[in-house]
Amino acid sequence: MNALLHGRLTGLLALGAVIAVLPAFLPNNFYLDIAILAGFNAVVCVGLNLLIGYAGQISLGHAGFFGIGAYASGVLVGTYGWPPIVALLAGAVFVGLLAFLVAKPILRLKGHYLAMATLGIGIIVSIVLRTESGLTGGPDGMMVEPFRIFGVELYGEKVWYWVVGVLLVGVVWLSLNLIDSPMGRALRAVHGSEVAAEVVGVDTARFKVLVFVLSAVFASVAGSLFAHYAGLITPAKADFFKSIELVTMVVFGGMASTFGAVVGAVVLTLLPQALTMFQDYQQIVLGGILMATMVFMPKGLLPTLAALLPARRRA
Amino acid sequence: MKMLATTDLSPDMTAQARRVGPPILKVEHLSREFGGVLAIGDLSFSIASGDIHSIIGPNGAGKTTLFNLVTGVYKPSGGRVLFDGADVSGMAPYKLAARGMSRTFQNLQIFFNMTALENVMVGRHLHLNTRLLPALFRVPSLVRKDREAKDRAAQLMADVGLEKYVDADAASMPYGALKRLEIARALASEPKLLLLDEPAAGLNATESREIDEVIKTVAAGGVTIVLVEHDMKMVMGISHRITALNQGRMLAEGTPQEVGANPDVIAAYLGAAP
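Residue numbers (my numbering), protein chains in the order written: chain W, 22 to 336; chain B, 837 to 1110.
Bear in mind the hints are in silico, worked out from the structure with no lab data behind them. Quick reminder that beta carbons are idealized off the backbone N, C-alpha and C, glycines included. Honestly, I wouldn't trust all of these hints.
Stated by the list, open to error - Simulated crosslink set (DSBU-like; lysine-lysine; CA at most 35 Å straight-line):
#1 W:Lys-320 - B:Lys-981
#2 B:Lys-931 - W:Lys-125
#3 W:Lys-320 - B:Lys-1052
#4 B:Lys-1028 - W:Lys-125
#5 W:Lys-320 - B:Lys-1028
As the list claims (entries may be wrong) - Here are the simulated distance ranges between beta carbons:
#6 B:Gly-896 - W:Leu-110: 57 to 63 Å
#7 B:Ser-913 - W:Pro-160: 29 to 35 Å
#8 B:Gly-896 - W:Lys-131: 40 to 46 Å
#9 B:Asp-920 - W:Glu-153: 53 to 59 Å
#10 W:Leu-30 - B:Arg-916: 50 to 56 Å
#11 W:Ile-148 - B:Ser-913: 39 to 45 Å
#12 B:Phe-973 - W:Glu-174: 25 to 31 Å
Use the sequences and the hints to build the structure in full.
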């Protein structure tokens, strides 16, 4: 327990330290922007990893929840003049309710069927955002007002970097807490054997729904803040390819590893920037990475690297 | 049968000496068919509180189907299951667990993505705070109870002889140890009724005898045991009562001696002379 607790906090401290010193090594706002995007992706991936990595359920529609959060903020603040924080919370509540309603029937499905059902949800969200142009601006997207709270306007990469950094540390902390709790064990038990979990009293359906809702809410909050940061959102942020990108980040970084999800999000956010010559082939490269990960390191990057280290953490 | 005569704890004698408890489990006219094939047909029997009650029968007799009907994995086609006096037919397994019924599986159902200790800790689920918000914010009472659960799980592992695997990943454990891990996990939920589906299957003679001891100890602690097992030596040695099934129907019921001497049972196992 002591070792576990120790490991828990060291990981979180290390993440905080990296976030704290990173800006010193980033020469300009362009790099800061990439770091912020990586941070937003990491927040979504930490949530998605609870669903995919720990509970063993797949979602190919999480970009849809990110998109709803983003558009909720865009529309409610821009069109209806709501305070941004209220719009963010409203978006999160709406996404939570939507996820709850769809999770009940679809999480009874398994494997391919669950993948198809979540894929469908993502596509429906994406179509609605594209076609309801009176509200959403259609395929061209919409401008989003800056985030104002207590009379302060969050503006510029330097400010947003810290907002996202604190958000990420907070989300990682919540995720680590959850996993190291009776509910976290129940989620992993659902992954391990549903029938065995049931016979010791785990209401598997309830926990699958809960983690689906939780991960959707994480995505929604990230989406809302992203919309304010970027100032412009398009339906592409909610589409199928974005969902696949998120799943690839989780799988690549390491399923059932919170820090793995962060690493996966960071690496796969940086990669397209490093490989700008492959710009036109981004989906192909992403697909290739997903396949190679499954074949060569099915546990993902971070768990595979950790296994190479001497087994001192076990002791 | 030679085994029977040499056992110190001659089961028929203990059965006579024991006060038979009220029925904890009653099965009334239970039936289940799969696509027209009757796996269990019009089966009625009851299990007395505190007994070790074995269900025997040749392959395909419907033993595992019966287990799955009683524990809510399958819904019955007809008849009902009464647990502690309440009709629980077709009730979800997690609700049955909350009422005090747990089980192990013939084909192992281990959480291979966890350590052995965590497997047993999942068994404490019903006795812990499993709500979302306290978990997210790690409230102190949850952490304290979780630590107690951990100690308790380690104790249960020791009770079934798994102390050296406490820190092991479940995936790295040998088959015989996993069989016991399932028992420890089920016990962690503090069941009144524990159903064991072939706990000795695939074990060697020594391991099988050790499981024997574990089952007796658990029963001595007041847990009613329903046992499906092919190891006749074990069944004859530890059961208070035996129900023999054949082709989904009751063949015989009684003490081990009565059932062991029943010509129908012998015929079902060895094949009747035509």
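Hint check:
At most 35 Å may separate the alpha-carbon atoms for a hinted pair to count; Lys-320 of chain W and Lys-981 of chain B meet this at roughly 31 Å. The hinted pair formed by Lys-931 of chain B and Lys-125 of chain W meets the criterion: a straight-line CA distance of about 18 Å does not exceed 35 Å. Under the criterion of a C-alpha separation no larger than 35 Å, the hint pairing Lys-320 of chain W with Lys-1052 of chain B is inconsistent with the structure, at around 41 Å. With a C-alpha separation of about 32 Å, the suggested pairing of Lys-1028 of chain B with Lys-125 of chain W holds against the 35 Å cut-off.
Taking the CA atoms of Lys-320 of chain W and Lys-1028 of chain B, the gap is near 39 Å; set against the 35 Å cutoff, the hint is violated. At about 59 Å, the CB distance of Gly-896 of chain B to Leu-110 of chain W agrees with the hint of 57 to 63 Å. Separation of Ser-913 of chain B from Pro-160 of chain W is about 55 Å and departs from the stated range, judged on CB atoms against 29 to 35 Å. Between Gly-896 of chain B and Lys-131 of chain W the beta carbons are some 28 Å apart, a value that contradicts the proposed interval 40 to 46 Å.
Our hint of 53 to 59 Å for Asp-920 of chain B and Glu-153 of chain W holds, since their Cβ atoms are close to 55 Å apart. About 53 Å separates the C-beta atoms of Leu-30 of chain W and Arg-916 of chain B, a value consistent with the hinted range of 50 to 56 Å. Ile-148 of chain W and Ser-913 of chain B have their C-beta atoms about 44 Å apart, which keeps the hinted 39 to 45 Å range intact. At about 30 Å, the CB distance of Phe-973 of chain B to Glu-174 of chain W agrees with the hint of 25 to 31 Å.
Checked against the numbered hints given earlier, this structure breaks hints 3, 5, 7, 8; the rest are met.
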